[in-house]
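Chemist: Now for the letters of each chain:
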Amino acid sequence: MVRRLRVHSPGQGLHEFTQSLSQLVSEAGLKEGLCTLFVQHTSASLVIQENADPSARRDLERWLSRLVAEGDELYTHTSEGSDDMPAHIKAALTSTSVAIPIIEGRLALGSWQGVFLWEHRRLHSERTVIVHIV
Amino acid sequence: MVRRLRVHSPGQGLHEFTQSLSQLVSEAGLKEGLCTLFVQHTSASLVIQENADPSARRDLERWLSRLVAEGDELYTHTSEGSDDMPAHIKAALTSTSVAIPIIEGRLALGSWQGVFLWEHRRLHSERTVIVHIV
Amino acid sequence: MVRRLRVHSPGQGLHEFTQSLSQLVSEAGLKEGLCTLFVQHTSASLVIQENADPSARRDLERWLSRLVAEGDELYTHTSEGSDDMPAHIKAALTSTSVAIPIIEGRLALGSWQGVFLWEHRRLHSERTVIVHIV
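Line order of the protein sequences matches chains A, B and C. Position 64, counted from 1, in the first sequence is what our numbering calls 64; the numbers after and before it change by one each time, with no gaps. Position 40, counted from 1, in the second sequence is what our numbering calls 40; the numbers after and before it change by one each time, with no gaps. Position 29, counted from 1, in the third sequence is what our numbering calls 29; the numbers after and before it change by one each time, with no gaps.
Treat the hints as calculated values from the structure; they're not laboratory data. Honestly, I wouldn't trust all of these hints.
For identical chains, the list gives no copy identity; a pair is met inside one copy or between any two copies.
Heads up, simulated SDA-like pairs for lysine to any residue below, C-alpha to C-alpha not over 20 Å straight-line [stated by the list, open to error]: (1) Lys31 to Val2; (2) Lys31 to Arg122; (3) Lys31 to Leu107; (4) Lys31 to Ile103.
All chains, please: the whole structure from these sequences, using the hints.
Modeler: What follows is the structure, encoded as structure tokens:
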């Protein structure tokens, strides 16, 4: 089955959607399988990271934003805003698709793993993630 | 179905092959499914990025080549040329495999998404991408 | 089929497990298919890299550890040890899941490709990789 999932994206950083994804997996009703996620954007990405302490994801965002700085004189693609070219680079350094096995009807995530949309632009409110379950 | 796709690779940078991939997906004749790509090399990678303005992919290449510089005195693996170790690092920072859902018989790419081979070496003319469609 | 694979992880760096993975693929007995790997941790990742010269993977580890340094004053998530936050960042920059097609009953790896667990913490002895074969 294939579903479109709308993920709320209130600005730059990691936004968790493990719960709505888990619900889709429940609805699929498979005991064993594979859940593949694909984000339909070139300035946002997917990441599986620590879901316990929010300081870990804050540091991830701050570290990556320092590495891929705005206003770098190297950029020639500047017509779509100062956060646009850094967003493309950040997306290329992280993941557009991610696959998670399903065991006993549930996502086989580790104890501390959550599924996040990593928003790289300032002014987006929603992103589309395609979910394929088989 | 599994197919070998030969992708033309005229030097370092992002080389689009969305069209030949879309044709394979058409041939598969599936209404709904998943298309998984795998590049059989450790010095080239796969990336889904903006297919509209070529300046975005030029900046991606230039930014990554500045981050992962040739001639870094840290390298000990230098016998295969000055662009070899940077190529391995660039490949490790990007993706060896990527999965794209199929909806209504077509790759479910976003409006601005194209599929690219990211060549990290100077002297390659062709690379092999394995395409699995189910 | 879905299997849990225990991968030995003697400290930071790339640890190959191509052989145990190939054996699982043999056991599955499929002529054609897809093998998807998923690491159940947020401080270790998966990478497909050169399996010939060990100097390449040593340089990968050293380069990434220089880029994502310990003791960076940017970090606020510091309670789990000085190698913890760098480990999360390294994992986010590399891959949590990887998919490899199966052709003629074997993993369709390129001539120089091996499958590695990339351990980003100092004190781990074993990691869990979920293997989905279809």
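Chemist: Now, for every hint given, state plainly whether the structure supports it.
Modeler: For each hint, the structure was consulted:
1. Lys31 to Val2: Intra 17 Å, inter 11 Å, cutoff 20 Å: intra and inter.
2. Lys31 to Arg122: neither (39 Å within a copy, 36 Å between copies)
3. Lys31 to Leu107: For Lys31 and Leu107, only the intra-copy Cα distance (10 Å) is at most 20 Å; the inter-copy one is 25 Å.
4. Lys31 to Ile103: Classified as within; 6 Å inside a copy, 24 Å across copies.
Of the numbered hints listed earlier, the single one contradicted by the structure is hint 2.
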